[in-house]
Every structure is written in C-alpha cells, then in structure tokens.
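Chains as they are written, first to last, in the numbering used here: chain A, 1 to 445; chain W, 1 to 445.
Identical chains blur together in the list; that is why a pair holds if it fits in one copy or across any two.
Derived lysine-lysine pairs resembling DSS-like cross-links, with alpha carbons at most 30 Å apart:
#, residue 1, residue 2
1, K68, K80
2, K335, K202
3, K339, K235
4, K145, K339
5, K202, K332
6, K354, K202
7, K335, K145
8, K293, K202
9, K293, K177
10, K354, K339
The hints are simulated quantities; they were obtained by calculation from the structure and are not laboratory data.
2 protein chains.
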Amino acid sequence: MADDKSIIDNETNNEVPFSGALENKASENSRRKFLGQAAATSAVIIAGSASAGNLPPDVPNWSRTLGKPVNTNPYGVPSKYEEDVVRKRVPWLTPDSIASISFTPLAEINGMISPNGLAFERDHGGVPTIDPKDHRLMIHGLVEKPLILTMEDIKRYPNVSRIHFIECPANSAMEWKGPQVGRLQFTHGMTNCCEWTGVPLKTILEEVGVKPEGKWILAEGADSAGMSRSIPMEKALDDTLVVFGQNGEALRPEQGYPLRLLTPGWEGNTSIKWLRRLEITEEPMYQREETSKYTDLISPRDPNREELIGKAYMFSWIMEAKAIVTFPCPEKPLKGHGKYIMNGLAWTGTGKIKHVDISFDGGINWHEAELNGLVLDKCWTRFSFPFEWNGEEMLIQSRATDEHGYVQPTIEQLREARGVSSIYHNNAIHTWKVNKNGEVESVQV
Amino acid sequence: MADDKSIIDNETNNEVPFSGALENKASENSRRKFLGQAAATSAVIIAGSASAGNLPPDVPNWSRTLGKPVNTNPYGVPSKYEEDVVRKRVPWLTPDSIASISFTPLAEINGMISPNGLAFERDHGGVPTIDPKDHRLMIHGLVEKPLILTMEDIKRYPNVSRIHFIECPANSAMEWKGPQVGRLQFTHGMTNCCEWTGVPLKTILEEVGVKPEGKWILAEGADSAGMSRSIPMEKALDDTLVVFGQNGEALRPEQGYPLRLLTPGWEGNTSIKWLRRLEITEEPMYQREETSKYTDLISPRDPNREELIGKAYMFSWIMEAKAIVTFPCPEKPLKGHGKYIMNGLAWTGTGKIKHVDISFDGGINWHEAELNGLVLDKCWTRFSFPFEWNGEEMLIQSRATDEHGYVQPTIEQLREARGVSSIYHNNAIHTWKVNKNGEVESVQV
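Assemble the whole structure, with the sequences as input and the hints as a guide.
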C-alpha cells in the first residue's frame, strides 16, 4: 500500500482530498501515544515522510471555487451542516407551546458560554414583541422617589458584565420518579450560561431611596403572564442585575428583550424577563409562581414524619450544586474501544465549584475530575476525565462539591428528604448507563 | 401636574404605559444622585408614593395579548428592533466582496464577548461551504508519523476553551494618513473576542513527532485563496489551538468552519481559517500573505535613515496594546449636558492589559480609567470612566499600557518609526472630537 497514490479514509472508504503514499490501517501504538490519554481512532497514517512532504494535488471542490461573498449574512448564521443543533421542546411536557420550554442542546455545547441562539427558554405567556422605545421600568412602593425609566435612562447608569448560569428549578424534574426522557438535552437542558450586561439593582435602589421598612421587591414582567416573584432586599442589594445585554449583544426576545432581572444562582424564574415593574414592599407578595408553583411539596415516606404531609418548602431560591456528564451521553455514544476524554458541566448557585468526582460503577468508587478553564462564581464550570473503554457496561456518574463543602446528593437522599411528589430542585447525581455497543441511556440506580 | 392621571414621557411627549400622579420634569438633583457618577436624564419622577403604590392600570399591548410560542425559532434570532445592529462592509475598501472585510459594530457591543452573528470577518477568497464529514487536516513534513485527521478524530483529543481576541493587522489601517472613515465600526471594528474551543496544537505535534530540524509550520486553509502563513515552532508549542468551537457552538462558516488555527494575540490572518494542512518545515515558507502583504513598509522621514527606504518589517506578528473609547463615539453621541459613564475596550497580544488612561484634551492631561470585569490574557478588557459634560468641545483619547510596561503610542510616534506608507499594525492612540452639539467625529491631533 505504501506506493498507492490515493488516500482512503479507513472509516468511510471514500477517497479523501489528500494524496500521497499511505498506510490505511491506523497504528494502535500511535493512537495510544497522545499524552497517554485518548486516541484518534480513525486517523489515517501517511507512510513515509518523503512523499507526504509533497503538496496534495487532489484538493476538495470548496478549494477550487470562490466562496460566498463576505457578509452574505450581515447578521451571521451557523453552517447548514449544523442545522440539527437547535433548541427543542418536549411536546407532552406542557399543554401548549405558548407557556412552554425549549431546551439547550447540551451535548453540542462547548466551553462555558451558551450561544444566544441555543440558550434554553421557559416562558409563561409566550414571548412578547416589545418595542424598546416604548418600554418602561417603574420603581415604586416603599421608596423616597419613585421613578419611571426608559431604556436609554437605564443604559446611562454604570453597568457591569458577568458570566452566570441560569437554571430553571424544573430542570431534571422529569427524572424524579425515574428516567422519562432519553436525551441529555431534556434531562438537563433547562440551563444556559451567558455573559450578562446590566446595571446593579443596588444602583437603582440607591437612586430611588428605599424606605427603612422596604424589605422585599416584587419584580413583574411585561409578558401576558405578568410573571412576578418576590425578591428579598438582601439579594437585591447583593448581586442582582437589571440586564440589557447577553453575550455582547442585546438580550434575545425569549430572554427578556429589552430588559430582565438577573438573580445569579437563584431559580431561573426569579430572573424576571421583560421587566417592567419593581415594587418595594414590607413583605413578600405571595404570587402564583411562588405559592401554587415553584414550591417543593413534601411527601415523607417515613410514617413518623407524617406531620410534614401536605406541607411544602417555599422560597427555596438557590440552585444547588449539580454536575452532568455531557460526553458520553445518549446523543454522543462511544464509538469503539479505546481511550476517550469524558467531558461535563458543573455549576452551583452558592458560588464556585470546588471539585467534581466521577464514578464508573454507579457510585461505588470515585475519581477526581480535572476542572478546565475558568472557575467563576455561579457559572458553568467544565470538567474532564480521561478513560479507556474496552466494551464493558458502565454506570457513569458525576458528583459536584461546592466551595462551602456541599456535596451533590443521590436521588435516594432527595427522596428521603422530600418524597416523590416534588417537582423542582432535583439536583440528584445522574447516571448514564453505557451499553456494550457503546450506546448510552439514562437510568436510575 | 401632581394629580394628573397619565404619565407623559418628557422626551417624546408620548403617553407611556404606566399611570399615576407624576411630576413630568425630572429632578436635576435626583439625577445627579446616582453614585455621584452619571444621570438618567429622561427619567420620569412619580410624585408621591401613595398613588405610585397602585398597580398601573394602563398596560402596554404586549402585556394584554399572548406572546409568540416558545421555540418559534429553534435557533434563536435577535429582536426585529435590533435589525440595524449588523456587520458592515466599507464598499470602496476592497475591489469586490469576495476578498473583503465586514466589521464588528463595536458601538453596540457589551462586555468581553462578541456574539457570533456580529464578529468581524476577513476573507481572501470568499467563505467556503465545507462539509465537516469530508474535511481533513493533514499534518506532515518534518515529522515521524504524518497523519490525516477527520473532524471526529480531532474532537477526540483533550480540548480547552479560552476567551481571546482576534484582530486583523489592517485594523485602523485606513487611519494612517488621517481620518477616512467616520464610524467606530470602521476605525476599529476588525476585531472580535470569543470563547474558542479546540485542541492545543502541541498535543497534535506530540502525536506526529516533530523531527529536531522542524522549526516552522506552514498552516494552509481550504478556501479558494489557499490562505497560508508560516508559524514558528515556539508559538505552535506555546498557546496555539486547533479550534472547532466558538462561543459554545461550532465555528461559524466565516470564522473557519469546521476548523481553524488560533494564534492568540497574533495577526488575525495567522489564525488560518478552514485549516486543512500543517506542514512542518525547517524555514519559513515566505508565502504571499507574509511577504507582499502583511509586512510593514518603512518610509523614514529622517533623511539620515534613508538606508531603511524600501525595507519592510516582516513577521511582525504580535498585535500590541490598543484601547478605544466605544462611548461616546460617532455612532453614540452625547445627548445633553450632564453626567455620563465613558466606556471602552482595550487589548494586547502580549498578555494582559495593566491599565488604561483617558484624556479629554487631546493627550495633555491623563486620568486612570477603571478596568471592569475579568482581565484575561490576550482578551478584550472593558474600561470605564465617569465624566460630566457641560457642552464644551473635547478631544477624547484612551491609552493602554500592557503588563510589561509597553505604552500605546501616538500616531506621531508610529510615523516617526515607519513613515506614512505603512498599512498594518496601526495601534495609535485614537482621538474622538466631541462637538458642542454632542456629536462625535474622528480626528487626528
């Protein structure tokens, strides 16, 4: 084969656009070499550097013809070959598509930034089309000087840009009673992580002058649901932002254009979208979405705790530590034996991720993963772990620990605390079962 | 006016979607309050908190009707009210739109991330449409084991995600001889800053085994221009990446989909897009785009230095420290007297930005700006500076200093060193003249 003048891709048997002598069977030794960690299993090895030094005469069509003009799309769009990488709904999950959810395709996401076109959305009355010239933010109630601000006013305040995750408290809710959706996009895709630009709410509250008895803030959206939540003053004065920018550009419509609240690390729906009103109050307002919904119903299995029956946790704001393996996963199975790099995402609403542990045997043995890239406050954190797969079944788990020592619980621990009637705040350790054929499914162990 | 039942926006005189008593003349004292830094000049003050405490009965139309279904666009798009925020070409700058440039609208960009749809592009033979299944990367030349990799192979290596700017060395080139373009988008918009995900080139070079005499790498693109540059081995082994991801998703077509090189901090065109070939060589290959183009022709004005006439700097790779004020700017004039927050971007290919200074008088007096948010290596860094404007003319400048003490030069200093025939590497201090009507123009002083 060493003198063959064409190169055959050893996976597809198609002629590939390089020529020269080749050895079309990849060397297992060479594959194993790369840092002793993983292997490029379909790599074609070119035998002999002499002929390989020649320029490849067989060039692909796209090198032979002029490309598209610059700025064919003044606002750029992804390659047509990425058209399957989109947000998706779970049709049976909500009665209609107005008050619904579309999920981030986490298996296809790299790094710590969710691109704006793929960031999950959860709306309660559809996505309003708001003209920013006519949008107003009113701040009133227990204040010295109530104000109505235009978007131009808001942009004139000092602003900050911070990278934070948002997670719907219903993320992974479908998994409380066992696996119901077979894809990472749907088990964990109610989260995104963007660079948000906005004005610290503290700045605006200093401008209006909060009266001493003002301890809560009702935040209300301009959508048809009038989505509203009560925010305690401590959070408002801490790190809450009034946001107009998302990953460098204006907020996307489904993320609250032109203005939203951002309560970093808290239940996504407290980050009120299409923000139109902030009313400073003495007490929480007990809105629909913090009483009949977004509370955690307790159904104790221990009969000695029946005093808890019918009770619920309210104002369980913080999204606690959670880690999920994004490769391998149902959408990204293993393809053949060999070395791989496991990848995943971890986050916590309490601050920074301290470490992430990996198990291959359903939680019996644990190994510390490497945290990759920046480890920021209330932000997606990447982790990885090299492994070799020889075709055996595996039960892959990941377990996050936050900077305060909180350890992500098992589903059994969550059920022990809350029973099985809960919907929100399922941050349980998740299990991917890798089958002998390399395919991955969601299981509970 | 205090008992009026409607609220009139004091800028537009339109009725705005809130009701209650009002004082439609904004209080200058209140405006000046916010942190003593800036003012929301069109804010409507609601007089009396009693009536302001009522819910606003006059709600906008978009609150009265159901919004659009979730996932109307499975791949999301910006609001229709942002349709003017796009990349643009300068028609006279290039003979056609195939080998051309489109510029980032920097005046509209927040934070440190360029959204993928707005990131500048510079192409030499148009944007090829590459099927990732058929794309290959060949690594050959002075190596022990030449390789041809598929995209799947490349994604199997350990990868990293890093936020870095890219800047075309021709950025601000049009300003060498004086202002020629009147917008920030065109004076400085040949830069973007994204989170890039890819494999360290070092990893791939270790896999192929570089021979001791291999000191350079020719990187070649699969576009019709066969765009190619010679990269020294030191840079390749340092922080160069083979990139497939951009802000969390696949590279955009105009950024090199499916694969590009990234040489952080270096001339943008060394980050070869549509990367198809890496040839390890003993010497640089002296390609078209590093000899006849992308060199810095010297035309000394000092007759004692005529030995330099006809000579040029070659391989001037590093994009040195540069800062630009993004507000105010021609696209974003001042609107009325009062307090403002100046905003800007700084970056350097040598590492981190150390500080940025601001002048209001064309470089006579300087004031240190505040650096905002993360200060990362070879990455856009935000700065801000509060100021009050009382209607006088101003000559606003910004001047970056990098972590090694290098100070951004004046245009005079650059001309002293290189004359006026140079095109590339104009990192001169830029001047915005603010006129008495608040409008801003590009000048040289």
